[in-house]
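J.: On the provided structure of chain A, position chain B as indicated by the hints.
In order, the protein sequences belong to chains A and B. Anchor point for the first sequence: position 198 equals 286 in the working numbering, and the numbering is continuous, going up by one each time. Anchor point for the second sequence: position 139 equals 976 in the working numbering, and the numbering is continuous, going up by one each time.
To be clear, the hints were calculated from the coordinates, so they are not data collected in a lab. Every residue gets a Cβ at the ideal spot worked out from N, C-alpha and C, and that includes glycine. A portion of the hints provided could be inaccurate.
What the hints assert, rightly or not - List of simulated lysine-lysine pairs, DSS-like, C-alpha gap at most 25 Å:
#1 B/K948 - B/K997
#2 B/K1019 - B/K857
#3 B/K1065 - B/K1048
#4 A/K138 - B/K856
#5 A/K138 - A/K111
#6 B/K937 - B/K997
#7 B/K995 - B/K871
#8 B/K949 - A/K138
#9 A/K138 - B/K995
#10 B/K937 - A/K138
#11 B/K995 - B/K978
#12 B/K856 - B/K992
#13 B/K871 - B/K1052
#14 B/K857 - B/K937
#15 A/K138 - B/K948
Stated by the list, open to error - Now the stretches of chain B that chain A is said to cover, found in silico as 3 or more residues with beta-carbon under 8 Å:
#16 907 to 918
#17 931 to 939
#18 985 to 996
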Amino acid sequence: MELIGVILPDKQRLVSVIADILKGKGGIHLYLFLIGLVAGFYGIAAIFIKGHAHTINTSNLVPWGMQISTYVYFALLSTGCTFVNFFGHVFFEEKYRPFASRIIFVGIITAVAAFFSLATEMGRVDRMYMFLVSPNPTSPMFWMALWYSCYVCIITVEYINIQRGRHSVRVMWGAFFIAIITHSTLGSLLGTVSSRVYYYSALMPIYFLFIAFLTGCALTTIIAAHTVKIKRLDEAFHLTPFVILLKVGLGLALLITFWRTMTGLAGRLEGSEVFSLTLINSFVFGIVVVIIVPYLLLKMGKSADWLMFVGGFIMVTQLKARNDLVVGAFKIPVFRVYEMPEIVHYTPSVYEFLVVAASTSLVALLYIIFNRSGVFDVNTGKEVN
Amino acid sequence: MEDRDILEIMHSDLQRALKKPRNQRRWGMAIDLKKCVGCHACTTGCMSENLTPPDIHYRPVKEEEIGEFPNVSMRFLPRPCMQCDAPTCTPVCPVTATYKRDDGIVVIDYKKCIGCRYCLVACSYGARSVDVGHYYTGDMKGETYEVENSGEYGKSFKRKTHWHSPIGNARKCHFCSHRIEKGELTRCTTTCLGHATYFGDLNDPQSLIVKLIAKVNVFRYKEEMGTKPLVYYIV
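Here chain A stands alone, though its shape is the one from the complex (with noise of 0.2 Å):
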């Protein structure tokens, strides 16, 4: 099998590409992933060095930060990258074809930052072994982590099969498939802890799953506006399919969030106050302007460039929405008594910020030195079963 050149950029045009960035002549967004990366890994190396303590806000009534919703924010954006694969080879075939690999590169990469960042708030990272040597298999962890290395496997293959011009139907099914165990075993990591009722409920691995086809045609989109820029492709031939999905996207995250809102607001279970609590964001930020802005939005043009700045828009402020997820499952601490806080508020500190910076930088920046090395124009593709 031809690795280089192929599956990964050709050494030459690897070493033209890194020629010119040195030569200052990368361009400015490259630059700033670059300074993103660097400051990431100081970030994340005075994690490690000075430890928790003095790096991370997080503490024992807000266990779970920053690093927690940036890792699920980008293992749903890995998730969303193989549903716009999947639905663009079955629904799109032409249209979709000269963003495959793009996608699908993007899918792993995702999905590797995402690890990137949650290796960053585990205690002990150097005990990730323990998940092969003492499993427990009542865990939802367990199998979320179970599942996502088979996932990493089969988009990784989905890949070099794109890559090599042997596309194979089969394995972009199982894609599909473990896609969605992965993602729903993610959402069910949340959604069966009872002692949290913002998190406690059947709905969330579906929320994860759809949350996660909103993010991933948000990206695919900026990826194939791009492209159709770039390469002066046809914009109303190749980005349709895109726009439809992102439509269809914004239309199942509604669907779900209103009805996770609705659910939590009837509930009268210990805690659920804090639906109540986060209501006017949830509606204002998670619907208004998560949602309903970007639709607008979509509506106002179809351009490359207003595209791009629409799947912009929706993956920061999905960013936001992760963290508001994640964190709001803390607000009310389980134990209340007197001298604890009626509302738990957390502010993520600096470093916690590197983080997002880190997966964020690392992803842009391995896109853009892949796609400039001329290893996603190797080759167009023909399907084998």
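T.: For chain B alone, kept in the frame of chain A given last:
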């Protein structure tokens, strides 16, 4: 009730229980809220026993507001780990680092725990903490007394750096399991000024704790959640 000191009675209950195989014991605790004066002696005793860092209290004493205005009253509420019979924290641990022992105590294996904090999220009582590596001095290196071996679970753990367990791990009250093995009562029981804390074997009908919890004025916290806590409150 016998004329002997409560601690003496509980001590002989403990010795009797220790003669049985571990799987026939079921350690439990009862806290008489009428007797608790909120002196925090149990909290302090626990901290010195387990050498817990600043933000970790296995046995805090909280103040609880009961009723609604104008019929409001307050009471002190010591909150150890409830050692639930149906715990929400153990099934979620991805690496079986936390589990319920045969004798009813929910423990954490510091050598296995990956510090994912899932158990903190799942615990219905907020009884778990994560040791992120704080020291009382606020420095990155603790004083000698802070990095000494706490002897928890009868093993040697020194908090030297953030790569040394229990730093990075979840931590919780374990009914002073290391003391029980040596035939000693839990530290909070022995330090309680008002003798408000009772400890013993719930499987022993002769034990003081069983006699106390058989009364009507006893409740278990958040019992409706189905966690079956082994800590009883007497009101």
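J.: To test your reading of the hints: which numbers does this structure violate?
T.: Failing hints, ascending: 4, 5, 6, 7, 10 and 18.
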